[in-house]
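Protein chains: 2
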Amino acid sequence: MKNKAITSRDIDFAKWYTDVVKAAHLATYSNVKGCIVFEPNGYAIWEKMQQVLDQKFKETGHQNVYMPLLIPENLLQKESDLIEGFAPEVAWVTMGGQKQLEEKMCIRPTSETLFSDYYSSVVTSYRDLPMKYNQWCSVLRWEKETRPFLRSREFLWQEGHTIHETQEEAEEETKTMLEVYRDLFENYLAIPVITGKKTEKEKFAGAEYTLTVEALMYNGISLQSATSHYFGQKFSRAYNISFLNRQNEQAYVYQTSWGASTRMIGALIMVHSDDNGLVLPPKIAPKQVILIPIGDSEDVKRKTDEIYQKLKNANISVTIDESEKSPGFKFAEAEVNGIPVRIEIGARDLKEKKITFARRDTREKMVEDETIDVVSYVKQLLEDIQNNLYHRAYERMQSLTYTCHDLEEVCNIMNTRPGFVKAMWCGDTECEMKMKEINGTKSRCILEKEKPIDDTCIVCGKKAKHLVVWGIQY
Amino acid sequence: MKNKAITSRDIDFAKWYTDVVKAAHLATYSNVKGCIVFEPNGYAIWEKMQQVLDQKFKETGHQNVYMPLLIPENLLQKESDLIEGFAPEVAWVTMGGQKQLEEKMCIRPTSETLFSDYYSSVVTSYRDLPMKYNQWCSVLRWEKETRPFLRSREFLWQEGHTIHETQEEAEEETKTMLEVYRDLFENYLAIPVITGKKTEKEKFAGAEYTLTVEALMYNGISLQSATSHYFGQKFSRAYNISFLNRQNEQAYVYQTSWGASTRMIGALIMVHSDDNGLVLPPKIAPKQVILIPIGDSEDVKRKTDEIYQKLKNANISVTIDESEKSPGFKFAEAEVNGIPVRIEIGARDLKEKKITFARRDTREKMVEDETIDVVSYVKQLLEDIQNNLYHRAYERMQSLTYTCHDLEEVCNIMNTRPGFVKAMWCGDTECEMKMKEINGTKSRCILEKEKPIDDTCIVCGKKAKHLVVWGIQY
Numbered sequence: 149m150k151n152k153a154i155t156s157r158d159i160d161f162a163k164w165y166t167d168v169v170k171a172a173h174l175a176t177y178s179n180v181k182g183c184i185v186f187e188p189n190g191y192a193i194w195e196k197m198q199q200v201l202d203q204k205f206k207e208t209g210h211q212n213v214y215m216p217l218l219i220p221e222n223l224l225q226k227e228s229d230l231i232e233g234f235a236p237e238v239a240w241v242t243m244g245g246q247k248q249l250e251e252k253m254c255i256r257p258t259s260e261t262l263f264s265d266y267y268s269s270v271v272t273s274y275r276d277l278p279m280k281y282n283q284w285c286s287v288l289r290w291e292k293e294t295r296p297f298l299r300s301r302e303f304l305w306q307e308g309h310t311i312h313e314t315q316e317e318a319e320e321e322t323k324t325m326l327e328v329y330r331d332l333f334e335n336y337l338a339i340p341v342i343t344g345k346k347t348e349k350e351k352f353a354g355a356e357y358t359l360t361v362e363a364l365m366y367n368g369i370s371l372q373s374a375t376s377h378y379f380g381q382k383f384s385r386a387y388n389i390s391f392l393n394r395q396n397e398q399a400y401v402y403q404t405s406w407g408a409s410t411r412m413i414g415a416l417i418m419v420h421s422d423d424n425g426l427v428l429p430p431k432i433a434p435k436q437v438i439l440i441p442i443g444d445s446e447d448v449k450r451k452t453d454e455i456y457q458k459l460k461n462a463n464i465s466v467t468i469d470e471s472e473k474s475p476g477f478k479f480a481e482a483e484v485n486g487i488p489v490r491i492e493i494g495a496r497d498l499k500e501k502k503i504t505f506a507r508r509d510t511r512e513k514m515v516e517d518e519t520i521d522v523v524s525y526v527k528q529l530l531e532d533i534q535n536n537l538y539h540r541a542y543e544r545m546q547s548l549t550y551t552c553h554d555l556e557e558v559c560n561i562m563n564t565r566p567g568f569v570k571a572m573w574c575g576d577t578e579c580e581m582k583m584k585e586i587n588g589t590k591s592r593c594i595l596e597k598e599k600p601i602d603d604t605c606i607v608c609g610k611k612a613k614h615l616v617v618w619g620i621q622y
Numbered sequence: 149m150k151n152k153a154i155t156s157r158d159i160d161f162a163k164w165y166t167d168v169v170k171a172a173h174l175a176t177y178s179n180v181k182g183c184i185v186f187e188p189n190g191y192a193i194w195e196k197m198q199q200v201l202d203q204k205f206k207e208t209g210h211q212n213v214y215m216p217l218l219i220p221e222n223l224l225q226k227e228s229d230l231i232e233g234f235a236p237e238v239a240w241v242t243m244g245g246q247k248q249l250e251e252k253m254c255i256r257p258t259s260e261t262l263f264s265d266y267y268s269s270v271v272t273s274y275r276d277l278p279m280k281y282n283q284w285c286s287v288l289r290w291e292k293e294t295r296p297f298l299r300s301r302e303f304l305w306q307e308g309h310t311i312h313e314t315q316e317e318a319e320e321e322t323k324t325m326l327e328v329y330r331d332l333f334e335n336y337l338a339i340p341v342i343t344g345k346k347t348e349k350e351k352f353a354g355a356e357y358t359l360t361v362e363a364l365m366y367n368g369i370s371l372q373s374a375t376s377h378y379f380g381q382k383f384s385r386a387y388n389i390s391f392l393n394r395q396n397e398q399a400y401v402y403q404t405s406w407g408a409s410t411r412m413i414g415a416l417i418m419v420h421s422d423d424n425g426l427v428l429p430p431k432i433a434p435k436q437v438i439l440i441p442i443g444d445s446e447d448v449k450r451k452t453d454e455i456y457q458k459l460k461n462a463n464i465s466v467t468i469d470e471s472e473k474s475p476g477f478k479f480a481e482a483e484v485n486g487i488p489v490r491i492e493i494g495a496r497d498l499k500e501k502k503i504t505f506a507r508r509d510t511r512e513k514m515v516e517d518e519t520i521d522v523v524s525y526v527k528q529l530l531e532d533i534q535n536n537l538y539h540r541a542y543e544r545m546q547s548l549t550y551t552c553h554d555l556e557e558v559c560n561i562m563n564t565r566p567g568f569v570k571a572m573w574c575g576d577t578e579c580e581m582k583m584k585e586i587n588g589t590k591s592r593c594i595l596e597k598e599k600p601i602d603d604t605c606i607v608c609g610k611k612a613k614h615l616v617v618w619g620i621q622y
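These protein sequence lines map, in sequence, to chains C and B.
The first sequence begins at 149 in this note's numbering and counts up by one.
The second sequence begins at 149 in this note's numbering and counts up by one.
Rather than coming from a laboratory, the hints here were simulated on the basis of the structure.
Bear in mind the structure is a predicted one, so any value in this text is a computation, not a measurement.
Note that identical chains are pooled: a pair holds if it fits in a single copy or bridges any two copies.
Lysine-lysine pairs mimicking PhoX-like chemistry, simulated, CA-CA at most 20 angstroms apart:
id : residue 1 : residue 2
1  : Lys502    : Lys513
2  : Lys280    : Lys435
3  : Lys206    : Lys196
4  : Lys527    : Lys196
5  : Lys570    : Lys582
6  : Lys323    : Lys345
7  : Lys460    : Lys206
8  : Lys204    : Lys460
9  : Lys181    : Lys252
10 : Lys170    : Lys181
11 : Lys292    : Lys247
12 : Lys206    : Lys435
13 : Lys610    : Lys582
14 : Lys613    : Lys584
15 : Lys292    : Lys252
16 : Lys181    : Lys247
17 : Lys181    : Lys226
Excised from the complex, chain C in its bound form (with noise of 0.2 angstroms):
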């Protein structure tokens, strides 16, 4: 039996996609147009995102700070490339009260500016160096075309600027941060990923290079999760970070920025999800476990309320419904807000000794014996959904990753059935915007640890300089 509400994934990914962010409250789209309200449902599980990578922020060194919201122009203008690459998608604000500004603003569609002119005024000496600074905060792109969480015209994110002596360091930072986003993926969120180096066309504004993680979601299509950059001297020399270094000289730091987003829900959704709604990966859902309680006989009050304590004593999050819908309607609900695991507690049962847990993953019922240990027992039943949304999410990317030797080929996986690419490159720009003909097939990164599959470029045929993944992108 499927949720009614929900249009099946296999028939119209995109209307099931959005049928899921309504049917579990994740949210819903606002009267200002590109912007959605984030509810209780959707932000509970950036909450959890939150709590996991700022706890790993704090264990690697970071602080966090809030800058302001605008941007002057003239602030935002120093870095030529940054400017280039934001200014046609930004807001602008002209006027404050009543009075036109002498100055426009801009609402932040990213901080590097702004940490840039702080970092500028407050470093004077390779002893206040590196200062490591993360902000949670909500930032505004102009998008023409918006989705749920994937794409709107604004979204949360957390976003980490660091400033350092030496570039070895700055690229150590660069590194770990990308390690920290690959361990939130696949440890918590349960989805599988491929790192890499971004192409010069698709690496950040004004970076050196960009460091990337990615995704691909259910139907085959690729989604750049989060983002290391390097920036070198860029911002630097642009915005005159210095410092006296110890030769006694006055020198540019070396920067880097980092960054994960609301998206991430998005990510979360595509992977895992199905026609019967949201399914979360035990580690990162806001509520584990779903008590209910079936009739309303003392003996059933009893054991749930039993069984209640003994898994919030676990640090297991529980809840009950005790709301007065029906329990087909209640085991539905919890269904499609993809609580991990149910547990029903019914008379009938109880008479019986036997209780009834259901995982939310594979839609197992399993009755047990009523002397059971639950909490061990849940305990077991969170880590095996864990472990088998993660197997279950690689299986299918291992699946959909394909090795290519000529566009043909590559054409062919793009038009049916879309993945990831495996293909080798020759560092062309022009062949990159060859790929993209082909239903807009981007580089999602360079593979630099794997080894060649190709000597020559599949596009041009000259001698390949990388191994690159390409794939369609959200």
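Use these hints to put chain B onto chain C, whose structure you have.
Just chain B now, kept in the frame of chain C:
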């Protein structure tokens, strides 16, 4: 010995305040006019406040959401009191990318309009009620004069917005949230407060009434520190938030909102801090204890690590200053940063089997036996500091709270040693305006539970309606 970077608070309070903000690295002015950068030490205090409040919000049945940053002009205009109250001080976005917008949008100064618009689209039946949402975000008000934390164009806050089936329930919510704020102030920030109802003139634009938390700073100036508003059906009628009630009739919801902001950091500074810098109550201090090893002998290192581990395991927030600065410099820095307890571990002390403790509030040094139970000793010290800070502030507030029966008394007080003035009031705005002529004295709140101290209004001599607390405000 006093910190040279800090002006004495008895000589120039305003200068002292900005000196402390700067010296403790709480915030700096940015190149964005009227906006500050929240530096790590300042932002960490906000994170502690958020933790305390967020937990209390969740315990009282609220959920977090996130609404858009922008409000289209027509949406803002639906509630006329609100637009009158806020229109002069909002920032307007008129361009998206390179294009002029068809309708301008303001950056939220507060989000009643967005929550109302959202609620009107999702509520259908009494079964959907109550809805009790909160959001953490930044808001923007185009202030002319700004001061870090107290008044800046952009600030961070939380805003709760709830809708209810009945008036009683909504009024109860308004009171409950006022008590949540009072609890935060008294039991965490160690700041005694006065609470009550705002006058018609001072209430929030669009509210039926406003409850407020008022605190008194070291210099006798009042600070409106958190507010809780009851809206009745004003917004629900303007935005059409209606539902089918238990009698199967369409009805309008009853609504509340309540908020507290980074202004509370300003209150913390102005109530507790001194000429040596920041003083923080232990319950809100990001770091409660700092260990300062003196010299680099093995004994010192071993003892430092031992104490660090013990305190950490006891869930006390502790840090070690392992920098290469001199001990004297480290002591001063720990003081200026307001860390409640400092532990000095030196080779000479250890030879005599002694350790030195210093408490920030009184600046006392205690030399104790090395064998002391350091965890319970520090716990007791933190508790003592928390209590001492509260009582010190309470005594001061008492000594600066006056009961007045004629305007000359008020004049004398407000022009020499201002504070809270209790006096009777007839209820007329005209009399409130007359009070304002006395050095800007404004009503803080109506004390509904205290006994009247007179029969007649202190200004006009006519029959008095309310006992009011008056003060000069930030």
